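Visitor: Between the sequences and the hints, there should be enough to build the whole structure, so can you do that?
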Amino acid sequence: MTQATFNRVLRPLALASLSAALLCAASAKAEEPPIVIGASVSITGALAVDAAYHLHGLQQGLEDANAQGGWLGRKIELKYYDDKSEAGTAVRLYTKLITEDNVDLLIGPYSSGITQAVAPLINKYEKVMIEPEASVPDIYVAGNLWNIQGIAPSFGYLEGVLPLAKSRGAKTVAVLALKSAFSLACDKARLDQVKALDMSLVYDSTYALPQPDFSSLALAIKNAQPDVVVVCSYYPDAVGIAQALQRAGFAPKFLAEAIGPAEDEFTKALGPLANRIISNTSWWASLKTAGNSAFIAHYKATFHQDPDYHAASGYAAIQVLGAALNAVKAIDQAKLHDWLLHNEVQTVQGTFASDPNGAAKKFSQFLFQIQDGTRKLIWPAADAEAPEQVPYTGQ
Amino acid sequence: MLVLQILINGVLLGGMYILLAQGLNLVFGVMGVVNLAHGAIITVAGLFTFWFATRTQLNPLLLLPVVFVAMLAIGAVLQRSLLEPLAGVGRKSELLSLMITFGLSYVLVEFGLDVFGSQYVSLPNLQTTWSVGGLTINEALVAAGVLGAAISGLLQIWLQHTDSGKSLIATSQNRIGAVACGIDVSRMRCIAFAIGSSLAAAAGVLLIMVMPLSAQTADSLTILAFVVVALGGLGDYRGAVLAALLLGIAQSAVGYYAGGDAESVVPYLLFILFMILRPQGLGRAVQAQ
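Read top to bottom, the protein sequences are chains C and W. In terms of the working numbering, the first sequence opens at residue 60 and continues consecutively. In terms of the working numbering, the second sequence opens at residue 49 and continues consecutively.
Because the hints were derived from the structure by calculation, they are not lab data. Computed from a predicted structure; not experimentally measured. Each residue gets a CB set at the ideal place from its N, CA and C atoms; glycine is no exception. Among these hints, one or two may not hold up.
Computed footprint of chain C on chain W, listed as stretches where at least three residues anywhere in the stretch have a Cβ under 8 Å from a Cβ of chain C [unchecked claim]:
1) 52-62
2) 166-178
3) 184-198
4) 233-247
5) 262-268
6) 293-302
Guide: Shown next, in the form of structure tokens:
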């Protein structure tokens, strides 16, 4: 065959065949099934309010990832069921997601308690699971190999309070803690911190919920006259203790409570008593983290509300999973797990990085304060929106 | 001064317990049934009060008479439709009634979750604290205590000094005897359940200003109310008052000296001790002396 014949006859044919083959390949790729992420979510039950933010964060993360072309050229879908805020139901649902639905990837449920119940199952089936709502450090130990923490650990709750208070002349501290996994981790860390900062611990106690009355604890705190009261709390006890301190006629210079003050219901329940209470968060709208401003804008447009840190941690989990998958380029659980333990990902809530047991080691905790009805980031100073207001007025 | 403050805190807490327990006690006294929906009625009334007060900006105490009267009607309907049909089934009726109120409790909790959400809520009313001679007394706890005492007083007056009240006591003491005396026992059961439900609802209206409530707190309130009633002697109205005060003072003292963990065990520890040593309850023990 001459060169002229090739150019005239076979070259167009070859080009046409190649184009057809590429089109077929592209078409086949477009028809590939989506990557399915499975999760149980507390749509109903005691945890439903906070878990709704978590779900919205996941959904927004997937919407944004799909808008950028998905992962491995495939669309991504979320398959989720309602665990009714019950650990037993969540275990059953994750079994179903793994064994019946055969989902490709897993995201952890809402709350440390439910995640603790699910963790052994994840190990049994050797599925990597990012857990954006499980702050308890106890989950991330050598025996729970496949669990990866996607939020700042709870021993960092309120960690800025004592240094901040000490810098303002505070010397004496009272520490209260709810008997729950996350709050006891916070309690131990704060008690250690009192010693490390050479401050004086004048009262400490734990309590269990439901606790209809905190007046005796408040009276004991009043008699101890601490400068700082640190409460490793959940929502109802955060409200109850602030009320009880006021009823006892005592306002410490600093009142810091862990979970509760971030919620709008907190200020509704306490009215002026909420003013100047300090609390912690693992995310804030003003932070200059990767994709934060786009996340907030998209979230507001989709859900017509401001995101909170639960939404941010859900969104960050999708960012982390996407980074891992695009690096590994395969849904290979062992390779994904290995990658997640050895790489960092920049997310809306800061730098994701894990220790060898899957515990988050670079996410930070921040402090905010309720100042005249609005919440302002006050610590660390580099990120602060406003200076702290002292003392807590308690009325 | 410290001991006096602990006593005051205990008495005020006891007042709240009286408020929680009297409705349950009345229903048990007359019908022989522990109304397991008692805590759910308290909770739903409290959540409704929150919903009403936050939307209208009106004083939540305005709801107290409205809720009381409305719950009288609802309680009567519930008793007639769910519990009265069981009155004729003999000895099984108490067990069946218990199961029905158990089911009713879950229906009310689910209703509360669907309508009011799962969040804990509380109202910032009655937050004034008075300081008298170094002692601090809070408005919300005083209101709960005063209302608890007022309800107990009115209940006692009604039970001891009115024909319908005496008929109710007669029914609670001896149903066959009451029938023989011409008392309409069925009507008495309806009145007892209606008033018991109203007392629970009134407690809810006030409790939302004292402590955060959510639909899930229903069970713990029922258990707490039952402990007070059992300590006082099941169906013994004066005993329940004494038990509530004893429990409030004991919790206040233990909480102060031993911390929150020990305080939360006190009701159940007293409950076990009484079941072993004084199963007839505090009220009857005191009366016997």
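Visitor: Give a verdict on every hint.
Guide: Right, here's what the structure says about each hint:
Check result for the stretch 52-62 of chain W against chain C: holds, 5 residues qualifying (beta carbon to beta carbon below 8 Å, three or more required). For a cut-off of 8 Å, the count of residues in the stretch 166-178 of chain W with a CB near a CB of chain C stands at 9, and the three-residue condition holds. Here the stretch 184-198 of chain W counts 4 residues with a CB under 8 Å from a CB of chain C, which clears the bar of 3, and the coverage holds. Remark: the stretch 233-247 of chain W is not confirmed as covered by chain C, as 0 of its residues place a Cβ nearer than 8 Å to a Cβ of that chain, below the required three.
Remark: the stretch 262-268 of chain W is confirmed as covered by chain C, as 4 of its residues place a Cβ nearer than 8 Å to a Cβ of that chain, reaching the required three. Counting residues of the stretch 293-302 of chain W whose beta carbon lies closer than 8 Å to any beta carbon of chain C gives 4, which meets the minimum of three for the stated coverage.
Figure legend: structure checked against the earlier numbered hints; the only hint not met is number 4.
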